[in-house]
Amino acid sequence: MHRILFSAAALALSTHALAQDAQLREEVKQLQQRIQVLEGRAPASGESAFNPGISLILHGRYAHQKDIEEREITGFAAGGHEHGGGRGFSLNDSELVFSGNIDPYFRGYATLALADEEVEVEEAWFQTLALGRGFTAKGGRFLSGIGYINEQHPHAWDFADQNLVYRALFGEHLIQDGVQLRWLAPTEAFLEFGVEAARGQFFPGSEAGGNRNGAGAWAAFAKVGGDIGSSHSWRAGINYLSARPRERESHFEDVNDIEAHAAFTGDSKAWIADFVWKWAPEGNPTQRNFKFQAEFFQRKEDGELFCEDNTAEGGACAGLADAYRSKQSGWYAQGVFQFMPRWRAGYRYDRLDSGTVDFGATPIAAEDHRPYRHTVMLDYSPSEFSRFRLQLAQDRSMQGVKDDQVILQYVHSLGAHGAHRF
Amino acid sequence: MKRFIALLAACTALAAAPARGALNVLACEPEWASLVQELAGDRARVVSATTARQDPHRIEARPALLAQARRADLLVCTGADLEIGWLPLLQREAGNAGIQPGQPGYFEAARFVDLGEKPARVDRSMGDVHAAGNPHIHLDPRNLLKVAEALSARLAALDARNAGDYAARHRDFSARMQAAIARWERDAASLKGMRVLAHHRNWTYLAEWLQLRVVADLEPKPGIEPSAAYLAQLLEKLKAQPAKMVLRTPYQPPRASEWIAERAGMRAVELPFTVGGSAAAKDLFSLFEDTLVRLKDAAQ
Numbered sequence: 001m002h003r004i005l006f007s008a009a010a011l012a013l014s015t016h017a018l019a020q021d022a023q024l025r026e027e028v029k030q031l032q033q034r035i036q037v038l039e040g041r042a043p044a045s046g047e048s049a050f051n052p053g054i055s056l057i058l059h060g061r062y063a064h065q066k067d068i069e070e071r072e073i074t075g076f077a078a079g080g081h082e083h084g085g086g087r088g089f090s091l092n093d094s095e096l097v098f099s100g101n102i103d104p105y106f107r108g109y110a111t112l113a114l115a116d117e118e119v120e121v122e123e124a125w126f127q128t129l130a131l132g133r134g135f136t137a138k139g140g141r142f143l144s145g146i147g148y149i150n151e152q153h154p155h156a157w158d159f160a161d162q163n164l165v166y167r168a169l170f171g172e173h174l175i176q177d178g179v180q181l182r183w184l185a186p187t188e189a190f191l192e193f194g195v196e197a198a199r200g201q202f203f204p205g206s207e208a209g210g211n212r213n214g215a216g217a218w219a220a221f222a223k224v225g226g227d228i229g230s231s232h233s234w235r236a237g238i239n240y241l242s243a244r245p246r247e248r249e250s251h252f253e254d255v256n257d258i259e260a261h262a263a264f265t266g267d268s269k270a271w272i273a274d275f276v277w278k279w280a281p282e283g284n285p286t287q288r289n290f291k292f293q294a295e296f297f298q299r300k301e302d303g304e305l306f307c308e309d310n311t312a313e314g315g316a317c318a319g320l321a322d323a324y325r326s327k328q329s330g331w332y333a334q335g336v337f338q339f340m341p342r343w344r345a346g347y348r349y350d351r352l353d354s355g356t357v358d359f360g361a362t363p364i365a366a367e368d369h370r371p372y373r374h375t376v377m378l379d380y381s382p383s384e385f386s387r388f389r390l391q392l393a394q395d396r397s398m399q400g401v402k403d404d405q406v407i408l409q410y411v412h413s414l415g416a417h418g419a420h421r422f
Numbered sequence: 423m424k425r426f427i428a429l430l431a432a433c434t435a436l437a438a439a440p441a442r443g444a445l446n447v448l449a450c451e452p453e454w455a456s457l458v459q460e461l462a463g464d465r466a467r468v469v470s471a472t473t474a475r476q477d478p479h480r481i482e483a484r485p486a487l488l489a490q491a492r493r494a495d496l497l498v499c500t501g502a503d504l505e506i507g508w509l510p511l512l513q514r515e516a517g518n519a520g521i522q523p524g525q526p527g528y529f530e531a532a533r534f535v536d537l538g539e540k541p542a543r544v545d546r547s548m549g550d551v552h553a554a555g556n557p558h559i560h561l562d563p564r565n566l567l568k569v570a571e572a573l574s575a576r577l578a579a580l581d582a583r584n585a586g587d588y589a590a591r592h593r594d595f596s597a598r599m600q601a602a603i604a605r606w607e608r609d610a611a612s613l614k615g616m617r618v619l620a621h622h623r624n625w626t627y628l629a630e631w632l633q634l635r636v637v638a639d640l641e642p643k644p645g646i647e648p649s650a651a652y653l654a655q656l657l658e659k660l661k662a663q664p665a666k667m668v669l670r671t672p673y674q675p676p677r678a679s680e681w682i683a684e685r686a687g688m689r690a691v692e693l694p695f696t697v698g699g700s701a702a703a704k705d706l707f708s709l710f711e712d713t714l715v716r717l718k719d720a721a722q
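Protein chains in written order, with this note's numbering: chain A, 1 to 422; chain Y, 423 to 722.
Hints are supplied without guarantee of correctness; some may be wrong.
In silico lysine to aspartate or glutamate, EDC-like type, Cα no more than 20 Å apart, as pairs [what the hints assert, rightly or not]:
no., chain 1, residue 1, chain 2, residue 2
1, Y, LYS643, Y, ASP477
2, A, LYS327, A, GLU282
3, A, LYS291, Y, ASP477
4, Y, LYS643, A, ASP368
5, Y, LYS568, Y, ASP550
6, Y, LYS540, Y, ASP639
7, Y, LYS718, Y, GLU692
8, Y, LYS704, A, GLU282
9, Y, LYS704, Y, GLU482
10, Y, LYS568, Y, GLU482
11, Y, LYS643, Y, GLU658
12, A, LYS291, Y, GLU482
Computed beta-carbon distance windows for the label pairs [unchecked claim]:
no., chain 1, residue 1, chain 2, residue 2, range
13, A, HIS232, Y, ASP545, 43 to 49 Å
14, Y, ASP545, A, LEU390, 38 to 44 Å
15, Y, ARG685, A, TRP343, 42 to 48 Å
I should point out that these hints are in silico values taken from the structure, not numbers from a laboratory. In this text the structure is predicted, and so the values were computed from the model without any measurement. Even glycine gets a Cβ: it sits at the ideal position worked out from N, Cα and C.
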């Protein structure tokens, strides 16, 4: 290109009169400058021209643990959504993520969790880009903004499994089918408010509870955060979730120690407080950094429990319904320290309190057990896209079972992997 | 054409921006914060998202930065995917329509400069490569002149009432920078052809300007910290082709460069890299002055 222009210009120069010479030289110079600019300029950056950014998370593990068919937390109704693997070698869900701008006004995002004979739509939502004044709206299926860890996908967790608090609250995390509105205040400190209205078909809601005009689940949250000097940053939040499950199925052991299928209809209201603090020397996390996070919840459920007739198996339930009321709580705290590049070590403690559960006249005995678990982990990340982890845990979440677990895990991400939240 | 664009930009800015005081500017790196200060003076309140002690590839979209992005009238960043790990989140989560890509409130410096080291092929096996080219453009002061011209026009478009003021400030800055560049080039003539090692590939533009020869990087691949084995290998290579010094930024750990400098009989030099990177580097001018002082000192 250069050469053609230059020779054309040279030819032109030799055949023209001297009077035009200077003018032509100037023109050539300008043309050359334009070529340089056009060739050298960086194209506008963005996720891969017009294709959505695509990334794939590969995720698998080897686990050494007790052979327990249903790992349910004693004293807590079983939650819905879980991705845990069994013993030995297993493949966790492979996550396929698509994201990109739809147009100047909206952004779209979808995560598909792939497993054998199953594709689960984890998330599929659009978000506004141009509302302005601090507002952002989201619609579709999304991870609820409540709490801290809820919006993190399993590949971003600091441990190989979810903490007991979220397992008791949601099974794994709260997925909402609905709408979310967030507002970021125009203040020096970070101050954000959000509300969500959703179908509420996932635990603590239920499929039948979602089948209504209106919303089966409401959530609201407020977060505040900031920096302290250049080395510390933090965020704290207070969150509320109200779900209206109908005929939510769970099972208990009745007073005769026989399994009883029960269905709950009523209100489920939870408060969650979350806190995260990160440290990095002078704000540079590449060598060493530390992250502390803790969350606390309290959940009250109030309604009616129907206990399916199990007298044929020698059970005590006669197929009757009665008042059900529970007040349960729990917390976890964890710290993860990157002590040198690529290497991190962490410790987590989970504790739940099955609290007071009033079954009314239903013949189910409340279980008196306080589930807890100690977890330590060590992980090695050759780059920001690959990670190997060793995790040891002593799990006392099931009454009468002391489960010492060893998990070896890998998490790799391919493709246009988006930035992670704070 | 140019005038038409400027007019159009001015009109949209007039329609969009309500009358208010100083412009809130969030700069992604300290060099751009400093440039905004030069070009806008008191007319802008500037905050930098990173400091000279932080690696601009690797910070997080912290709550404090989200709060800044929410109130920003203008984001001034390098672009070319340098800030890909955190900037897109700030733009998406701050609820600020004005700073989205393509809006006048988002300024990417790399778009106004010819980027070097564009990879012919992009693959993650090559480390942290930037598809658009090497984004560490600010250490060639001639690039600053190009960016300043575009940034000044952008400031004028966003704050049209003070356009004359921005133009005057730009003329002044440009004249001072051009004079300084001529002075620095004379001053650094003795460094021409000097062989250096670089910790990360962020000295390319400085080397190009001063005609230094970067013979190798300490990182085996961009963004991947060197292992002991790789450094030993590099040391062997240096025996045949010695270099004068190894350069690093204040945010990189000194161990690797000091280890190899000691064994290869060269100097390990920490240059300020950006404004605030040393006590002397207080603005863009003293940044280059201090850089040259340190280079010449180590070259002796």
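Hints not upheld, ascending by number: 2, 4, 5, 9, 10, 13, 14, 15
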